[in-house]
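In the order they appear, the protein sequences are chains A and B. Heads up: the first sequence is residues 0 to 202, going by numbering that gives the first Met the number 0. Heads up: the second sequence is residues 0 to 202, going by numbering that gives the first Met the number 0.
Hints are not guaranteed to be accurate.
Identical chains share a label here; the pair holds if one copy fits it or two copies do between them.
As the list claims (entries may be wrong) - In silico DSBU-like pairs for lysine-lysine, Cα to Cα no more than 35 Å straight-line:
#1 Lys163 / Lys124
#2 Lys49 / Lys124
#3 Lys119 / Lys49
#4 Lys157 / Lys29
#5 Lys157 / Lys124
#6 Lys107 / Lys27
#7 Lys49 / Lys29
#8 Lys107 / Lys119
#9 Lys163 / Lys107
#10 Lys27 / Lys163
Rather than coming from a laboratory, the hints here were simulated on the basis of the structure.
Number of protein chains: 2
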Amino acid sequence: MTNRGFTLWFTGLSGAGKSTLAEIIEQKLKDRGRYVEVLDGDIVRTNLSKGLGFSKEDRDTNIRRIGFVAHLLSRNGVAAITAAISPYRDIRDECRAMIGNFVEVYVKCPVSVCADRDVKGLYAKAIAGEIPHFTGVSDPYEEPENAEIVVETDLESKEASADKIIARLEELGYLDPVASSCATAGDEDDELVRQRLEELGYV
Amino acid sequence: MTNRGFTLWFTGLSGAGKSTLAEIIEQKLKDRGRYVEVLDGDIVRTNLSKGLGFSKEDRDTNIRRIGFVAHLLSRNGVAAITAAISPYRDIRDECRAMIGNFVEVYVKCPVSVCADRDVKGLYAKAIAGEIPHFTGVSDPYEEPENAEIVVETDLESKEASADKIIARLEELGYLDPVASSCATAGDEDDELVRQRLEELGYV
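One chain only, chain A, in its complex shape:
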């Protein structure tokens, strides 16, 4: 069984769907018997970066800290999933260089759609000028140029995005294809049945 650690680095606007996808992937990886840790932007700010604000410098420091912890986890066999906006390309690339086993997922979604969703009510405040340095409104977001995976959450379902991510992780050798992995007995049986049916031409 493959248990190479890696970092799955989500990046994208607030409301694009990073945390939602991170949770789905977390469960899928746990179902395959992997150790998984989600480093959510808010959790890290509370525990490692209290006192930092949202200026470029403070954001960079926060992202470097997330990168450092993801590095420690992934070099010890863990699947580390980060779900912070991480708007600046240079710091993401710095983390990529440090970590090595780095898989970048661009969670792409137009700012207008994120603002319509406005899950946390932050866009309304940002557009009204009440939140300074709000990514996509009053602060820049630099799109990845070489992300391993791009998901478009305004165009595809979250299940489709999650499947795309899992398939790419298998392709990159970070996950075994399901049939040979440590899935739960139930999943394994289902998969065997599916394969059998496929061989017989039913699916």
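Could you slot chain B onto chain A? The hints should help.
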């Protein structure tokens, strides 16, 4: 094979021998096929706590961050080893409560012996009043009251201290006794020979 994660928390004065013992234990655990990460006080200050000083409040924040990272590692099967002075009992106990699988090692050594060793030349400066808040000289060190392990580095060799720590980790169920662990082939052979000789009454 047991691979329960845990945190081995060294505490003691500067120069008591925390880092030296951490390195020896790190190697012994790696030899047994375990994932190990040493969180050295200096490394963590550079990567997670730049800007923090040595006031009680800043020290507490630094130790809480080390504890948070050790927690993430040890709940993912890793043996996390911390080697910071961590002078305050309440924060160590807070980390103990958060982490759960927590093994405290008091690296005991009189301040006079540490000052004589003065590996980093810091005691001379601290005694001359050039370094404020220096633990054991101008800042308090609170001894652990219920450490799982106490080693006395002015009285015992580092090998003896390390053996004591490994034996206690086996006793606590965090490590398999060597015979059944994932030791290297060479060690395993030696152990088999020893067992055979023992059965035959030679040792």
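Going through the hints against the structure:
| no. | hint | result |
| --- | --- | --- |
| 1 | Lys163 / Lys124 | within (34 Å within a copy, 59 Å between copies) |
| 2 | Lys49 / Lys124 | both (22 Å within a copy, 32 Å between copies) |
| 3 | Lys119 / Lys49 | both (20 Å within a copy, 31 Å between copies) |
| 4 | Lys157 / Lys29 | within (18 Å within a copy, 40 Å between copies) |
| 5 | Lys157 / Lys124 | within (27 Å within a copy, 60 Å between copies) |
| 6 | Lys107 / Lys27 | within (21 Å within a copy, 46 Å between copies) |
| 7 | Lys49 / Lys29 | both (30 Å within a copy, 34 Å between copies) |
| 8 | Lys107 / Lys119 | within (18 Å within a copy, 51 Å between copies) |
| 9 | Lys163 / Lys107 | within (14 Å within a copy, 54 Å between copies) |
| 10 | Lys27 / Lys163 | within (12 Å within a copy, 41 Å between copies) |
Checked against the numbered hints listed earlier, the structure breaks none of them; every hint is satisfied.
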